[in-house]
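J.: Protein chains in written order, with the UniProt record's numbering: chain F, 1 to 472; chain H, 1 to 363.
Some hints here could point you the wrong way.
[What the hints assert, rightly or not] Subject to a maximum C-alpha distance of 30 angstroms in a straight line, what follows is the list of computed DSBU-like cross-link-like pairs (lysine-lysine):
#1 K160/F / K189/F
#2 K113/H / K381/F
#3 K215/H / K446/F
#4 K107/H / K302/F
#5 K382/F / K113/H
#6 K450/F / K188/F
#7 K305/H / K292/H
#8 K375/F / K386/F
#9 K382/F / K356/H
#10 K17/F / K3/F
#11 K305/H / K140/H
#12 K215/H / K183/H
#13 K188/F / K267/F
#14 K140/H / K292/H
#15 K188/F / K356/H
#16 K382/F / K107/H
#17 K446/F / K107/H
#18 K386/F / K29/H
#19 K176/H / K205/H
#20 K29/H / K189/F
#21 K356/H / K332/H
#22 K386/F / K356/H
[Claimed, not checked] What the simulated footprint calls covered on chain H by chain F, stretch by stretch (three residues with Cβ under 8 angstroms from a Cβ of chain F suffice, anywhere in the stretch; the number is not a length):
#23 28 to 38
#24 84 to 95
#25 349 to 356
In short, the hints are calculated from the structure, not lab data. All values derive from a computational prediction rather than experimental measurement. Even glycine gets a Cβ: it sits at the ideal position worked out from N, Cα and C.
What follows is each chain in one-letter form.
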Amino acid sequence: MLKEMQQVLRLIMLMGKQRQKLGLRTGGGLLLLLWTDTEVSTQKLNCTVNCTVAAAGPWCAGIQMEALQPALVRLKESMCPCVWPCNEPDPEELSAFTDLYGSLRFLLSFQVKDTRHCTSEWQAHLEAFLRTFTLANAGIQIHLKLKINQEASLREFSVKVKRRVALADQLLLTLDVTCSAPPPCCVKKGCWCVRGHPAIGGRLPLSIPPQTMEQGLFGDLSVQVVTLLTPCLLPYPNVATELTHIQVLVYNPSNIPVTGPSGFFQKLPAVLDCQELGLYRVYCSSFKDLVYSGGTVYTVEKDSWDDPEQESSLPTVQQSLLLFFFLQHSDPFTSQLTDLMATEMLIELHLEDILNNNRQALVAAVQTELRNTLKSQNHRKKQQEKLHAAAEVILGSSMSIVSSSSNMDFRNACLSRMKVCVCQVHDTHELAASLRESLWRVTSWKFVPKAKCFSTKMEVHPENDEPTTAEI
Amino acid sequence: SSTHISISSQEILNRIESIILEIVTSLSKAEAPVLALPNRSSWANISFDSAIGLQMSSRQSVTTIRADCPSSVTKFAQILKILSVIYRLVQSNSYATKRDIYYNNTKLFGSQKAVDSIVDDISCMLKVPRRSLHVLATSKGLISGDLCYMEEDGTRIDCHSSSTAVSVSSNISGIKNIVSSAKFVMIIEKDATFQRLLDDDFCTKISPCIIITGKGVPDVNSRLMVKRLWDELHIPIFALVDADPHGIIHLLEYLSCQTYFAMSFEAHSLTVPSVMWLGLLPSDLQRLRVPKDALIPLTKRDESKLCSLLERPYLTSQPEWQKEMKLMQQSKVKAEIQSLTAIAPDFLTQIYLPNKLRYGGWI
Numbered sequence: 001m002l003k004e005m006q007q008v009l010r011l012i013m014l015m016g017k018q019r020q021k022l023g024l025r026t027g028g029g030l031l032l033l034l035w036t037d038t039e040v041s042t043q044k045l046n047c048t049v050n051c052t053v054a055a056a057g058p059w060c061a062g063i064q065m066e067a068l069q070p071a072l073v074r075l076k077e078s079m080c081p082c083v084w085p086c087n088e089p090d091p092e093e094l095s096a097f098t099d100l101y102g103s104l105r106f107l108l109s110f111q112v113k114d115t116r117h118c119t120s121e122w123q124a125h126l127e128a129f130l131r132t133f134t135l136a137n138a139g140i141q142i143h144l145k146l147k148i149n150q151e152a153s154l155r156e157f158s159v160k161v162k163r164r165v166a167l168a169d170q171l172l173l174t175l176d177v178t179c180s181a182p183p184p185c186c187v188k189k190g191c192w193c194v195r196g197h198p199a200i201g202g203r204l205p206l207s208i209p210p211q212t213m214e215q216g217l218f219g220d221l222s223v224q225v226v227t228l229l230t231p232c233l234l235p236y237p238n239v240a241t242e243l244t245h246i247q248v249l250v251y252n253p254s255n256i257p258v259t260g261p262s263g264f265f266q267k268l269p270a271v272l273d274c275q276e277l278g279l280y281r282v283y284c285s286s287f288k289d290l291v292y293s294g295g296t297v298y299t300v301e302k303d304s305w306d307d308p309e310q311e312s313s314l315p316t317v318q319q320s321l322l323l324f325f326f327l328q329h330s331d332p333f334t335s336q337l338t339d340l341m342a343t344e345m346l347i348e349l350h351l352e353d354i355l356n357n358n359r360q361a362l363v364a365a366v367q368t369e370l371r372n373t374l375k376s377q378n379h380r381k382k383q384q385e386k387l388h389a390a391a392e393v394i395l396g397s398s399m400s401i402v403s404s405s406s407n408m409d410f411r412n413a414c415l416s417r418m419k420v421c422v423c424q425v426h427d428t429h430e431l432a433a434s435l436r437e438s439l440w441r442v443t444s445w446k447f448v449p450k451a452k453c454f455s456t457k458m459e460v461h462p463e464n465d466e467p468t469t470a471e472i
Numbered sequence: 001s002s003t004h005i006s007i008s009s010q011e012i013l014n015r016i017e018s019i020i021l022e023i024v025t026s027l028s029k030a031e032a033p034v035l036a037l038p039n040r041s042s043w044a045n046i047s048f049d050s051a052i053g054l055q056m057s058s059r060q061s062v063t064t065i066r067a068d069c070p071s072s073v074t075k076f077a078q079i080l081k082i083l084s085v086i087y088r089l090v091q092s093n094s095y096a097t098k099r100d101i102y103y104n105n106t107k108l109f110g111s112q113k114a115v116d117s118i119v120d121d122i123s124c125m126l127k128v129p130r131r132s133l134h135v136l137a138t139s140k141g142l143i144s145g146d147l148c149y150m151e152e153d154g155t156r157i158d159c160h161s162s163s164t165a166v167s168v169s170s171n172i173s174g175i176k177n178i179v180s181s182a183k184f185v186m187i188i189e190k191d192a193t194f195q196r197l198l199d200d201d202f203c204t205k206i207s208p209c210i211i212i213t214g215k216g217v218p219d220v221n222s223r224l225m226v227k228r229l230w231d232e233l234h235i236p237i238f239a240l241v242d243a244d245p246h247g248i249i250h251l252l253e254y255l256s257c258q259t260y261f262a263m264s265f266e267a268h269s270l271t272v273p274s275v276m277w278l279g280l281l282p283s284d285l286q287r288l289r290v291p292k293d294a295l296i297p298l299t300k301r302d303e304s305k306l307c308s309l310l311e312r313p314y315l316t317s318q319p320e321w322q323k324e325m326k327l328m329q330q331s332k333v334k335a336e337i338q339s340l341t342a343i344a345p346d347f348l349t350q351i352y353l354p355n356k357l358r359y360g361g362w363i
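Please model the entire structure based on the sequences and the hints provided.
T.: If you want it as structure tokens, here you go:
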């Protein structure tokens, strides 16, 4: 079912991409209805799932279903053994959707016989795919309505904070840059950046391996790297950061995430130069807390000889790096929608070969992005160490003066300012501890507001004011 | 060490304590501590008073040093460290040199220059003369002649020996029991000339006198020593410098009328208003017919330096000096004291100086 849905999505996305080139808006809604027929639901072994895909909104304005017939014919062929047509969807579901986004521009229903779809694991898989999709297509709000085995659920995939990113060839992406990591306790209300700031990395041309060319893939293939580091610590220049996880996500030219494990990316950490990066090791792992499925996850470990005592006392915020690989393809002889669909399926089929054929360049690209991220991390660490070393001198000198002073007014004033009880036996110890804590907090968590972190304009689109995930 | 602390010492302790209290107060409000340093290096902060010399204006621009900024936190720490050292020194009435402070914590300070600069900053910040901070400069000057005194620790110093000179003390204010029958003090710009006069037994031959050199740019202790001799002995002070812009600059140092910003704060206590320019005068070069090959043409830098010197506040009240400097400008030549050897090998000590002193050849 996932594959079939991907195919339909591919069609819609490629249409949208063609239209985007005309400078039209990319926002809108996508409705996915999945329901099982009640008469067969009791027998899980013979599960039949009906699926309706509907699209409305500015991103598909001007599309006419009749004009899509040739492409749909090919689509149906590629989605065999689906059954066409399936049962009609509930009109009420559709009308709720059209109320939000306007009249339907695309509507397709089909049926699939598959035992896997009736499990909650599959549902979770589907939701993760849609979340990953939304990550790079944040302008599209997805409504997923499931009625499997008489259990109904509704999920809405909408994005709180978006950011438009312009790639080469006037290609515009709308990324989900919402950062949901909770702020550390030292951070005041309203002083935490809830968005990531995507950075456009290098664009690498990819050479197509001969065996793939024989299968019919020609033209120019390239990959655009975009990175997103979260949470954002720009307003806190004195806090040390630690990169702990990296996730690599690959997207097709139609901007649909490539699912399935990638042997290439799984083996990539072994060829990274960890020494150059100042890391102990990077290895492939599965990190369950990460929200996005698909892609490959790496865990990062720093050098183990760092002083553990100092590590624990200095404030450090852990960060994750998302590495987007946006595949791009152009071929002057491929402009028909059906050809574009076929090309993309070829790219997906032979992706491992393509990646392996460009191993050196891709490894270098990952190394570069890591190096850039870690450069800033290392700089922060040095700054923090400088502050820490100086703080010890400041505290030592101040306490030396307080301890040796015979001026009781002065001593009492110092103690009372820091709310240390004068009658305590070890009042200077208390004072020293209190001053240390305050100085570290004040210097480490120094807040420097940045316009790009707290600006209210530009980041959020007007049609997307309500954030939400709702279940019925 | 003495347990009796003078009132002014207590005031210094109080001022340091108020800085610490400000830091504690900032931290109690979860604010980053900040130090305000008067900006010593701006001409805007300097004014000239004919009785005192150059001094800091009461209205000053300040530089703020923040404790939460990595680029300034080290300086913040250095300042606090030296404040704590000064506090202990003043409290225990003991002394340390700037060199001692540096060598006790080379990692924090990085260089001697950093220590020196911060000590001067603290002097401005607390509005207290540097020597009241009980931090001594390491002196490089030499002194010789008809002079005996006692150092603070009781050591008796006798400057009469003509074979070796005495190093200028690091603690001038601690000197007592000055005994001298010198008729004048002569400041000598260069060490080489000083040694020459020593070798020729100058201090006993002409009349009892004291010679002192700061070896080029005079350090604070050399200037303090000259001032101390002036205060105690009330004898004329002459200067023997090269007839070039740098010689004049060094001469002006002793008058604290110069680019030595750091000390302008302390001008009041360092000024010796009546240093007299004995030689080498530009007019001497003409008068004595110093051979042309001993003369050096002025460079463009020399010329621009001369121009800027003529505009200095002090010189407007010294028409004779201005006349000499204008003569140098017109003749476009300069000469070192050594050029007198071109006339005769011992012209300096046998003829030039004795004649100058006997017949009032100073301005």
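J.: Each of the hints needs a verdict: does it hold here or not?
T.: Results of checking the hints against the structure:
no.: 1; hint: K160/F / K189/F; verdict: holds (18 angstroms)
no.: 2; hint: K113/H / K381/F; verdict: holds (28 angstroms)
no.: 3; hint: K215/H / K446/F; verdict: violated (49 angstroms)
no.: 4; hint: K107/H / K302/F; verdict: holds (28 angstroms)
no.: 5; hint: K382/F / K113/H; verdict: holds (24 angstroms)
no.: 6; hint: K450/F / K188/F; verdict: holds (15 angstroms)
no.: 7; hint: K305/H / K292/H; verdict: holds (23 angstroms)
no.: 8; hint: K375/F / K386/F; verdict: holds (17 angstroms)
no.: 9; hint: K382/F / K356/H; verdict: violated (64 angstroms)
no.: 10; hint: K17/F / K3/F; verdict: holds (20 angstroms)
no.: 11; hint: K305/H / K140/H; verdict: holds (26 angstroms)
no.: 12; hint: K215/H / K183/H; verdict: holds (23 angstroms)
no.: 13; hint: K188/F / K267/F; verdict: violated (42 angstroms)
no.: 14; hint: K140/H / K292/H; verdict: violated (34 angstroms)
no.: 15; hint: K188/F / K356/H; verdict: violated (78 angstroms)
no.: 16; hint: K382/F / K107/H; verdict: holds (16 angstroms)
no.: 17; hint: K446/F / K107/H; verdict: holds (26 angstroms)
no.: 18; hint: K386/F / K29/H; verdict: holds (23 angstroms)
no.: 19; hint: K176/H / K205/H; verdict: holds (27 angstroms)
no.: 20; hint: K29/H / K189/F; verdict: holds (17 angstroms)
no.: 21; hint: K356/H / K332/H; verdict: holds (24 angstroms)
no.: 22; hint: K386/F / K356/H; verdict: violated (60 angstroms)
no.: 23; hint: 28 to 38; verdict: holds (count 5)
no.: 24; hint: 84 to 95; verdict: holds (count 4)
no.: 25; hint: 349 to 356; verdict: violated (count 0)
The earlier numbered hints that this structure contradicts are 3, 9, 13, 14, 15, 22, 25.
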